[in-house]
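Following the hints, put chain Z in place on chain V, whose structure we already have.
For the record, the sequence lines run as chains V and Z. Residue numbers for the first sequence follow the UniProt record's numbering, beginning at 1 and rising by one. Residue numbers for the second sequence follow the UniProt record's numbering, beginning at 1 and rising by one.
If you're looking for bench data, these hints aren't it; they were derived computationally from the structure. Careful, some of the hints might be misleading.
It does not matter which identical chain is meant; a pair holds if it fits inside one copy or across any two.
Derived pair list, reagent style DSS-like, types lysine-lysine, alpha-carbon separation capped at 25 Å [what the hints assert, rightly or not]:
#, residue 1, residue 2
1, Lys188, Lys203
2, Lys221, Lys254
3, Lys376, Lys386
4, Lys193, Lys203
5, Lys201, Lys188
Here is how the chains run, residue by residue.
There are 2 protein chains.
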Amino acid sequence: MLKDFQSHILDNFPELTKNKFLLACSGGLDSVLLSYLCKESEMDFILAHCNFRLRGAASDGDEKFVKELGNRLGRPVLVTHFDTMGYVHSHRVSVQMAARELRYQWFKGLMEEHGIAYLVMAHHADDNLETFLINLSRGTGIDGLTGIPEATGQIRRPLLKYTRDTILAHAKEMDLQWREDESNADTKYLRNKIRQEIVPKLKELHPAFMENFERTLGFLKETQEISENELERVRERLFQRENQYLKISVSELKKLRPLHGYLYGLFKEFGFTEWQNVAELLDAMSGKSVYSAEYVLLKNRDYLILAKKTAQEKGVFEIEEGDFKIDYPIGLEGKEVLEKKDTTARIIYLDKNTLKYPLTVRKWEKGDYFYPLGMKGKKKLSKYFKDEKLDLFSKQEQWLLCSGDAIVWVIGRRADDRFKVTESTKEILSVALL
Amino acid sequence: MLKDFQSHILDNFPELTKNKFLLACSGGLDSVLLSYLCKESEMDFILAHCNFRLRGAASDGDEKFVKELGNRLGRPVLVTHFDTMGYVHSHRVSVQMAARELRYQWFKGLMEEHGIAYLVMAHHADDNLETFLINLSRGTGIDGLTGIPEATGQIRRPLLKYTRDTILAHAKEMDLQWREDESNADTKYLRNKIRQEIVPKLKELHPAFMENFERTLGFLKETQEISENELERVRERLFQRENQYLKISVSELKKLRPLHGYLYGLFKEFGFTEWQNVAELLDAMSGKSVYSAEYVLLKNRDYLILAKKTAQEKGVFEIEEGDFKIDYPIGLEGKEVLEKKDTTARIIYLDKNTLKYPLTVRKWEKGDYFYPLGMKGKKKLSKYFKDEKLDLFSKQEQWLLCSGDAIVWVIGRRADDRFKVTESTKEILSVALL
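With the rest of the complex left out, here is chain V (with noise of 0.2 Å):
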């Protein structure tokens, strides 16, 4: 095995023989053998081992055994110690899924202090099936099929193309040690169900199974590129760019056949895994919206509007410099035009040399003041709302055009003094509202 994995690292990863890496072990035998490998072909790594006190004395066992494998192979050993179990609290998290964050941040930082390019880790073909079995068990999309891949960003895969059996059947012609491996603590009931029940029996249905299950991720990776070639196109066709959102036309949506095939697949990388709320939305009623992890997607007339939801949480809206037309959170359109007419309730003109951008479009809060149009001095909101007789609806609808700190327009309602035109102005913007 040590001559392929030469030849296979001199084919595929020429980049770990020229550089230092770091090596996540665990003990285990897979990256005990990978330790070894990669020692034998005199590359230059160091160990990481991750120590997360989930099992007590044998978690510090596995410590304590990573250290002297450093020391048998003559390679450095980064050592760090998780309150995994506090992180699962804080964070409200899956045992497994504090592990995952907790070791790929402190591989980061690690990678980051020492200028270390490449993560190396000892994931092998058993773990792409048993990662399969359990997506289908579970239910699953193309993406929980496909396996994880040899090469992505800093991180490679050298044992991916190799099976359990010929990594033990190697590790015990080298006569290697290992700790038995339990850190998948949360998959581990299912992890060793398939292991010892389900493969063995996958793979008496044909003598090349686990060559056949690696074309299998092969074309069906080759499919799901495919599809999102489709979707991108139908991305760059449909999802118009404004200020800061995306503007997406709710009736072309429609159109699309499997709609809720495209809809998973458009609003995924957004965060929003769950299509139905996203099919929800087209028919439902201006103004609704669904949140991911980052995005807030809200329907607005005929259109879906898809945003950051930072801007919509503190509720700021930039418009950058330039003619601009945005529908949300209002329908507002700007241009330079060359003479002022009237100023009216629904448009108004502003001299664009004492504005400040990026403009914002903001609700209001207590203590704003504006300076109002033909006005000498300034007047509190709260005091305009009132003699304007304005309901308690219509106030928390007002939406503010801001310049810095000063209100440019209470949209709809009164301009600004200080923003005027004068004889002075060399720039009109006229702002109205649609």
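Same frame as chain V, now just chain Z:
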């Protein structure tokens, strides 16, 4: 289950409540239960049973059982006997393929004969899972994982959403009798192994394994359709229809990524399932070709030519009436022109009204003769070739343009006198060698 089955039929197969259908009945658990369910639901159907004569007395026992079942249910039974092994040997196909082809041919004939629109089959959810695992063990693409559909063409599979467990439980509850179904001779070993040893373990992985599996198939089908949309778009863009073939730019094909996935997807519907062969053709010498059951794909300079094999085998290519431009089997351009110029070796002028459409392009055959332009009387082509001192290769490569049985042009050499432009010619067709 009966109530659920009846509402499932009303919701998804209303056509089966209004039309008589054929019910494929092996005498096994699934088709026997389906027969009872259809009878209880007062549907109008004929039982159709195939005796494949693969298991001697057992096969005849199945036939007897289905006939009795028809009597009990008061439904007619149609039976046929096949010489399955004879078909296997004469058609060089597997037993499973033979049984499949014989069965569908018979069903199709019966439906035409009796004016029946639908064929109802008793496939269930576990069949899909078994097929999924068999294909997985052999290596497959997404098409091999998405399962059989509930409705396709004239076939309906109303039991597809039910698991084997549900079907067995209901059959026992109704105290039904059935024959052990062993018709899938070829995959019997695999299916039994999967059914008895693997599926029960998979179902233990998740309490809703089968529902999740059904959802997964749905998601995969959607990805498959999205990918098909992309492939269709690429076909529309790259597959130019010419007379009797499609012409595809090699350089445009080479730009597609992932290349192999696209090659497979674009050409599979023409029976080219080995993308390696197609991939090799892209860089092959002009004139190389690969064959599927019905099509030939030929490298012709910067293009792939995709044509029905029949045309290529017969070596006769048709040209429909009107202006034309073909690259295959030889580059020719024909157009109506207002006046005749000098006929040369590379361009000829014809009296269009003397031509019989479709024109054909073919190689020469023994006995061919023509009336060389400007000569009185006919000449054997073999004599003409000899006089022109053509070598064997040039003779083999010589194409003829013909109108009915008559040669119009020994292409690139000499036109025929019978089709020349005369004073009474009303429409002139020029044909040029490209």
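Hints and how they fare:
no., hint, in the structure
1, Lys188 <-> Lys203, "both (21 Å within a copy, 17 Å between copies)"
2, Lys221 <-> Lys254, "between (27 Å within a copy, 19 Å between copies)"
3, Lys376 <-> Lys386, "within (19 Å within a copy, 110 Å between copies)"
4, Lys193 <-> Lys203, "both (15 Å within a copy, 12 Å between copies)"
5, Lys201 <-> Lys188, "both (19 Å within a copy, 16 Å between copies)"
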